[in-house]
Amino acid sequence: MKITGTAQAAAKTGKGTAFRRRRSVVTVLPAVLVLFVLLPAATGCVGVQGDSQDRKKRPNVLMVMTDDQWLESMRVLSKTRKLLGDEGVTFDRFYPSSPLCCTSRSTYLSGQFAHNNGVRHNSVPQGGYDKLNEKKTLPVWMQKAGYATSHIGKYPNGYGKKDPEHVPPGWDEWRGSVDPTTYKMWGYQLNENGKLHTYGKSDEEDPELYQTDVYRDKGVDFIKRKAEGDKPFFLSLAFLAPHGELLKNKDGKPRKSRKKGNAGKKASTDANPESKQSARPVVGPAPRPAPRHKGKFAKEELPENPAYNESDMRDKPRFLQKRPNLDRETTEEITESYRGRLESLLAVDEAVEKLMSTLKSTGQLDNTYVVFTSDNGFFFGEHRVPTGKFLPHGASGQVPLVLRGPGIEAGKHSKELTSNVDLAATISDIGGADPDLALDGRSLLPYGRDPRKSSDRPVLQEIAEGARRTPVAARGHGKPPAGGPPDDDVSAGRAAGAGDLDMDGPASPALGPQGKKKRKAPRGQEYSAAYEAIRAGHYLYIRYSAGGRELYDLETDPHELTSRHNDPGYKKVRTFLDQRLDKLQGCVGGECREEIPEVPEPG
211 MKITGTAQAA AKTGKGTAFR RRRSVVTVLP AVLVLFVLLP AATGCVGVQG DSQDRKKRPN
271 VLMVMTDDQW LESMRVLSKT RKLLGDEGVT FDRFYPSSPL CCTSRSTYLS GQFAHNNGVR
331 HNSVPQGGYD KLNEKKTLPV WMQKAGYATS HIGKYPNGYG KKDPEHVPPG WDEWRGSVDP
391 TTYKMWGYQL NENGKLHTYG KSDEEDPELY QTDVYRDKGV DFIKRKAEGD KPFFLSLAFL
451 APHGELLKNK DGKPRKSRKK GNAGKKASTD ANPESKQSAR PVVGPAPRPA PRHKGKFAKE
511 ELPENPAYNE SDMRDKPRFL QKRPNLDRET TEEITESYRG RLESLLAVDE AVEKLMSTLK
571 STGQLDNTYV VFTSDNGFFF GEHRVPTGKF LPHGASGQVP LVLRGPGIEA GKHSKELTSN
631 VDLAATISDI GGADPDLALD GRSLLPYGRD PRKSSDRPVL QEIAEGARRT PVAARGHGKP
691 PAGGPPDDDV SAGRAAGAGD LDMDGPASPA LGPQGKKKRK APRGQEYSAA YEAIRAGHYL
751 YIRYSAGGRE LYDLETDPHE LTSRHNDPGY KKVRTFLDQR LDKLQGCVGG ECREEIPEVP
811 EPG
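As numbered in this note's numbering, residues 211 to 813 make up the sequence shown, in order.
Please note that the accuracy of each hint is not assured.
Said to hold, decoys possible - As a list, the in silico SDA-like pairs of lysine to any residue whose alpha-carbon atoms are at most 20 Å apart: (1) 504 with 288; (2) 441 with 268; (3) 267 with 575; (4) 526 with 757; (5) 345 with 403; (6) 504 with 559; (7) 625 with 748; (8) 458 with 399.
Simulated from the structure, these hints should not be mistaken for laboratory data.
Turn these sequences into a full structure, and let the hints steer you where they fit.
Structure (structure tokens):
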């Protein structure tokens, strides 16, 4: 018979110490303890009914995650804002630790930064699903805590490529999309509890099989069934929208965005003779929206943003300085992509409404925490980046987070610095789960219950080669340092520096015999766009592996137009943030959650 009291959250702060949710032990006299032990045997009570009732009282968790959803797009999700934002807390300063699909989702599942969970990219050799230790993840902990668990939709990149029928541990019900079909709104394949099912054909837009709607209906069905059970449930629902689709033309080549039209006032008037069709960047096309939403934003303009096609890039690192002005045709393509991505989100908005109405009709709404967020944001021409993510700047490095549930204040906003590294700790806290590794994040429940609550914990953002305790040696400067990565393991940052900020392809060139590269990197490729960055107070400080630096005072410069890294007036600020970033790079567990002194004022 259990003699433990109500579970209380406890976060250890020592290096390598796991975040634990422990039960407070009730102290009893030996004689009383003997009585408690013998009583069940005398009465025939074994405590099963009590355990079941305790589990029923615990709250459910619904996690809804979109893909590549930028913060500004929340304006078109009116139902989501009404049902979640108006009834919960919106975290205004929420940042993915690594603004890239696989790295971000792996951090959500593990509660660890990329430098600890080992997933630093979308694909090999630096990342991909197989890099994640799937046995030490949130669903495993929630399942052990007595939750009925289910995942529907996208999982970290690369899932299903080696074994499409593999079901990751921790999920009682599994309906994961199998790569690469994940990136198709029609013709996608789901592994449903070990059996593969394909939904439609990629070139036939059947309204009944639109991916977002199918995921929605599966989520609704799960809630209805589990509402009648004796266990609380944890449902993870991961939509593809507004991420682009990986479609091919009839010639077998990837489909690109190349539509001409009137893009309006955002088009550049710069007559650059070097801006030729062959040199122009490729803009990632939008996913196909649900047929009922086609054309809803056909006349939508890009939002006013001073960072769009930024005129003076001299304060930026070299790989950004080299980006050409966005010509009129590129602007048209960006606008087309922007419109289509907004349209794809309308089905997500409807799905949230259907899920919430199901929770209400089944009597589960008041006992369910609902989390809504995205893995990373997306660029639409800010700082001359026409498409992609990867970088920590606000366009891709800040995303929505809304939390609704028991005890959460309604219609409030939290200004606390938060990160996706906090999600596993938060959900574990809700469920009384016991993670078996050191979590780098912390529970956000206290900040949801009291949105005025604040702390001085900074937020770390890092990616690729920046996710290392041992720094990376600059290319061409001798052998890598002891403990540092080999030269052929830093290509993710190089590819980003060369312009690939979407990162949906391999991280490295193919290797030939004895590890030699089959082909040389293209000329003009920068060493690295990999970085580690710190957000503290109203500052963003970025330190690139190749040596570049950026420092933004977001209070006076919210659009990141003027880096202060070389400004003498900000020398104390940079020195302070540089030292704090040294401590965060490679941090483990409690080290990552430590508060820091207030950032000194410039001047």
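Evaluated hints:
| no. | hint | in the structure |
| --- | --- | --- |
| 1 | 504 with 288 | holds (18 Å) |
| 2 | 441 with 268 | holds (8 Å) |
| 3 | 267 with 575 | holds (13 Å) |
| 4 | 526 with 757 | holds (12 Å) |
| 5 | 345 with 403 | holds (17 Å) |
| 6 | 504 with 559 | holds (15 Å) |
| 7 | 625 with 748 | holds (11 Å) |
| 8 | 458 with 399 | holds (17 Å) |
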